[in-house]
Structures are given as C-alpha cells and as structure tokens.
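Engineer: Here the sequence shown is numbered in the working numbering, starting from 119 and rising by one per residue.
If you're looking for bench data, these hints aren't it; they were derived computationally from the structure. Ideal Cβ placement from N, Cα and C applies to all residues, glycine included. There could be a bad hint or two in this list.
Each computed SDA-like pair below joins lysine to any residue, with the alpha-carbon atoms no more than 20 Å apart [stated by the list, open to error]:
id, residue 1, residue 2
1, K297, R243
2, K298, G232
3, K278, G232
Okay, the calculated beta carbon distance ranges per label pair [to be verified]:
id, residue 1, residue 2, range
4, H188, G250, 26 to 34 Å
5, F133, A205, 27 to 35 Å
6, A262, L138, 34 to 42 Å
7, L135, K298, 54 to 62 Å
8, Q302, L162, 25 to 33 Å
9, Q192, Q302, 12 to 20 Å
10, R178, D198, 16 to 24 Å
11, L146, K298, 31 to 39 Å
12, G197, N281, 14 to 22 Å
13, L138, S309, 26 to 34 Å
14, N281, Q165, 32 to 40 Å
15, K278, T124, 31 to 39 Å
16, G250, H132, 42 to 50 Å
17, L264, Q192, 33 to 41 Å
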Amino acid sequence: DLIIGTQIVAKGYHFPLLTLVGAVDADLGLSGGDLRAAERTHQLLYQVAGRAGRSDRAGRVLLQTYMPEHPVMQALIAGDRDAFMAAEAESRREAAMPPFGRLAALIVSGTMEGAVDAAAARLSRVRPTGNGITVLGPAPAPMALLRGKHRRRLLLKTEKDVNIQAVLRDWLARAEVPKKTRVQVDIDPYSFL
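Build out the structure end to end from the sequences listed, making use of the hints.
Structural biologist: So this is what it looks like as structure tokens:
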C-alpha cells in the first residue's frame, strides 16, 4: 500500500504499518528569509519522520534536499533535535531576534502604488532612533501585490527591554499616513509573509 499526502499527514496521524516515509523537496521551507524557517522545517520533517516505524517494524526516512549541509538536514541525519534547538536559540540570541529581542513588521498597503511608496518613505523618514532600536526598509513585502493592493514592509527591531508598543505608537503618530493607505502592525510575527 502507498500513502501520498501533504504536510498535514505529519500532524498526529498514526499509521502502524508504515515503514517508509519520503519527502520531496524537503528543504523548500528553508528559503524565503523567514526568521522561523529553520525551526518550522525541522519540526515538520521531524514529525513526518516519526510516522515511519511506529509499531514493531523498523522505519526508514528519505529526504530529498538540495542543501544536505544545512544545519536542519544535519540535525535530522544525526537525530539530535536538542542540539539543533540549542544552536537555533544561540543564533537568535546573537542576533537579538525573538525571543531575545523584539520585532514588529509594518505592512503599508493600498490600491495606489505611488501612495503606498510615499507612505512607506514617510515612515522611513520619521523612523524611531535610539539605543537598541533599528528600522529596516521599506522594501516590497514578500507578497508585494495582494488582492489588488500594493504592499511595502518595514521591520522594527528592538532590544528586549525596549517598550516596542510605545515606540510604534509614537512612530505612527508622527508619520501621518494618509487615510487611503493602511498600515498593519504585527509584533513578533510568526510568519513574514
């Protein structure tokens, strides 16, 4: 018998006779620049690998990857989830990324591309400054055009002890964004799409 499925198969299903699991393009989730890409990819592949060999039969896992040297793939090969999580935490600590720092994604959107660019440029001109505060962007959002709306993104990065909500409130008040342009704020975003 053969089971073919999407990543939903990795989530909590029990197939007692399943002995072989294969993942095509297993490293696809590692691209795109998302802060949590490695963590999510490791979690998904670890879970899908756990579907094989759940009863008294031995299991085998085959992962197709174009990046066999990537730390995620190496951790999966070694079967050392704890070492991967420790290394991931250390890299985030060094970069002051969540949970060791704070991030806020600001998405500027609207139907008129010029107005969106102008609002994003205005946000950039009045960006907050100070110790422990960095603003990146504006840049096209990962989905630069969504449902007929043009989108630009800015990222606010702060140290853990900075009151990010107060910084955002002051910043948005000074920016005076036009009414036809929308600014969405996502603090410590789970995804960067």
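Engineer: If a hint holds in the structure, say so; if it doesn't, say that too.
Structural biologist: Hints versus structure:
| no. | hint | result |
| --- | --- | --- |
| 1 | K297 with R243 | holds, 19 Å |
| 2 | K298 with G232 | holds, 12 Å |
| 3 | K278 with G232 | violated, 35 Å |
| 4 | H188 with G250: 26 to 34 Å | holds, 31 Å |
| 5 | F133 with A205: 27 to 35 Å | holds, 31 Å |
| 6 | A262 with L138: 34 to 42 Å | holds, 40 Å |
| 7 | L135 with K298: 54 to 62 Å | holds, 59 Å |
| 8 | Q302 with L162: 25 to 33 Å | holds, 27 Å |
| 9 | Q192 with Q302: 12 to 20 Å | violated, 37 Å |
| 10 | R178 with D198: 16 to 24 Å | holds, 19 Å |
| 11 | L146 with K298: 31 to 39 Å | holds, 37 Å |
| 12 | G197 with N281: 14 to 22 Å | violated, 42 Å |
| 13 | L138 with S309: 26 to 34 Å | holds, 31 Å |
| 14 | N281 with Q165: 32 to 40 Å | holds, 37 Å |
| 15 | K278 with T124: 31 to 39 Å | holds, 37 Å |
| 16 | G250 with H132: 42 to 50 Å | holds, 47 Å |
| 17 | L264 with Q192: 33 to 41 Å | holds, 35 Å |
The structure shown violates the earlier hints numbered 3, 9 and 12.
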